[in-house]
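S.K.: Okay, here's what each chain looks like letter by letter:
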Amino acid sequence: MSILTVAQLTFLEARRRKLFWIILVVGLLSLLLFALGFYFIDRELRTSAEAAIQTAVRSTMLLVGLYGVNTLGVTLGVLISVDTISGEIASGTIQTIATKPLRRWEIVVGKWVGLATMLAVFVLGMAGGMMLFVWAISGYLPSRPLEGMGMMVLEGWVFLSLSLLGGTYLPPLGNGVVVLMLYGLDFVAGWIGQIGERLSNTTAETIGLVVRFLVPGEAMWQRAAHVMEPSSLFGLTPFTIGDDPGVGMVVYALFYLAAVLGATVYLFGRRDL
Amino acid sequence: MVVLEAQGLRKVYGRTVAVDDLTLSLERGEVLGFLGPNGAGKTTTMKMLVGLVRPTSGQARVLGRPPGDPAVMGRIGFLPEHFRFHPWLTAFNFLDFHARLLHMPAERRRKRIPELLEQVGLADRARSRLAEFSKGMLQRIGLAQALLNEPELVFLDEPTSGLDPLGRREVRELIGELRRSGVTVFLNSHLLSEVEMSCDRVAIIKRGRVVRTGTLDELTGAALEVEIRAAGVTPEVRAGLERWGQVIREEKDLLALAVADREALPAIARHLVEGGARLYAMSPRRLPLEELFVRIMKESE
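Chains as they are written, first to last, in my numbering: chain A, 6 to 278; chain B, 51 to 351.
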């Protein structure tokens, strides 16, 4: 019960932020822009390209759009959680909460649930909206769209959780920088790994693999791209990295989430408030 | 019955010792004034007792359990120093949120919250956002939050900070009500008058240590200051007064004498009358806490 109470307050608090609205507006604008662009390109396609090419272009465009949503989702996840713990400690808001009959882990889990729900709603709304536009305009649907969206949400949760963890000790700015750097590292290393694999360069492959286990974020996008478009004609692009990290990686990411949350609980539990 | 005890509590932040070997106990139903200058360790002590801060060493028991134990936190109220909360919440929603954390059922919340808003004088502001509240109103809504669960033990950290004289008086009256209904109160304050008016017992903290504890009487001792209004006091009679104590003020027809205890009073009266003085009035009063406090703070380190 306490978890839900804290989750609800956290959700409402996050919704009050300017940042949330900025990202939402940016998201909706890009959704609209995407729909518009897609509509005109699709009209062009119908008259000039053969069916296989049409599908390939549609699927690639959708993946590009979804990758944008994925990035926005990660950004939102990091920014809404970057100071939820450190900020409440600094403002003293946490003091009347932590002295109620609940355990500290319930505060952490409650906050996580509140923020994770908000992020999931955002990603599902945006990605779902995009798929809906594409389907309405062209009749194209990716294969396993729900699973794909699930992976995207999972990636957002990975970074959201890291940001929540950092917030137990780091000041908001430092925390945001660290987590976004991890995201950048994850992205670059994912690439290096992919290229390494194609070129059979073991060092590059190893780098990719190590970072993938260190931060299983972009791997979730790769999995998402894979389940939604298993046979992309365009091969290697940032949006459609062909390699499938596999279900094992998803299971790993879930354990990773639990471990990060556990570390947050541990650190927050030991902290003076 | 002891509701709170602390044994050798110590808290060190880096190289700063905030609280050093603090030992203290609190009986059920008493109002304890925890008195000390700013930075003496009052807030850190209170935070250790409510489980927000982990002591570096030492032990404490609150209602028989370690500080912060959820099993007893439902029976405790706490008003932090410089209380603040999310400004977008309304007074009602703010209290409702905390009441839910206290596991109060919906029906009880609906009844208790208006009651409390009434009690702290904010009944007409239930729908106002905290952002619109003055410092004094925030302090009062914070106080309401601390009393939601009708606690047995209340911790108040500088509850009158930021309040105007009227607000201070209201808080004092509220503490009085709590005392009458048998609630134990641990009051952090640097305001001597507040402590003098509200507390049964005082613990004086200096540089993280409790240097004196006791009732006001015990602390200031039985010593009294007697103001004597009398005319026709001859120099011999005046000199004879020194037997009972030191003359600390002297004006025309007025003498102030510091005496060891009240049993000196009848003897002084007899001495004056028998010496031929015309005695109009004798008014004894306790040495003010302020004098004691200043003396303790000046004591050699």
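Rather than coming from a laboratory, the hints here were simulated on the basis of the structure.
Source: prediction; values computed, not measured.
Some clues are possibly wrong.
Unchecked claim - Where chain B lies over chain A, by a calculated footprint (3+ residues, C-beta under 8 Å):
1) 100 to 109
2) 271 to 278
What the hints assert, rightly or not - Just the calculated beta-carbon pair ranges, DEER-fashion:
3) A:A263 with B:R134: 30 to 38 Å
4) A:S96 with B:S178: 14 to 22 Å
5) A:V182 with B:S107: 55 to 63 Å
6) A:L272 with B:E55: 54 to 62 Å
Glycine included, C-beta positions come from ideal geometry on N, C-alpha and C.
S.K.: Falls inside 54 to 62 Å, the C-beta gap from L272 of chain A to E55 of chain B?
M.R.: Violated, since L272 of chain A and E55 of chain B (Cβ atoms, about 30 Å apart) do not stay within the stated range.
S.K.: Holds or violated: the 14 to 22 Å window for the beta-carbon distance between S96 of chain A and S178 of chain B?
M.R.: holds, 20 Å
S.K.: Can you tell me if the stretch 271 to 278 of chain A counts as covered by chain B, using C-beta to C-beta distances under 8 Å and a minimum of three residues?
M.R.: holds (count 3)
S.K.: For the stretch 100 to 109 of chain A, do at least 3 residues have a Cβ located nearer than 8 Å to some Cβ of chain B?
M.R.: With 9 residues closer than 8 Å to chain B, the stretch 100 to 109 of chain A meets the three-residue bar; holds.
S.K.: Taking 55 to 63 Å as the stated bounds, is the beta-carbon spacing between V182 of chain A and S107 of chain B within them?
M.R.: violated, 36 Å
S.K.: Regarding A263 of chain A and R134 of chain B, is the given constraint of 30 to 38 Å on their beta-carbon distance met?
M.R.: holds, 33 Å
In this structure, the hints that do not hold are numbers 5 and 6, in rising order.
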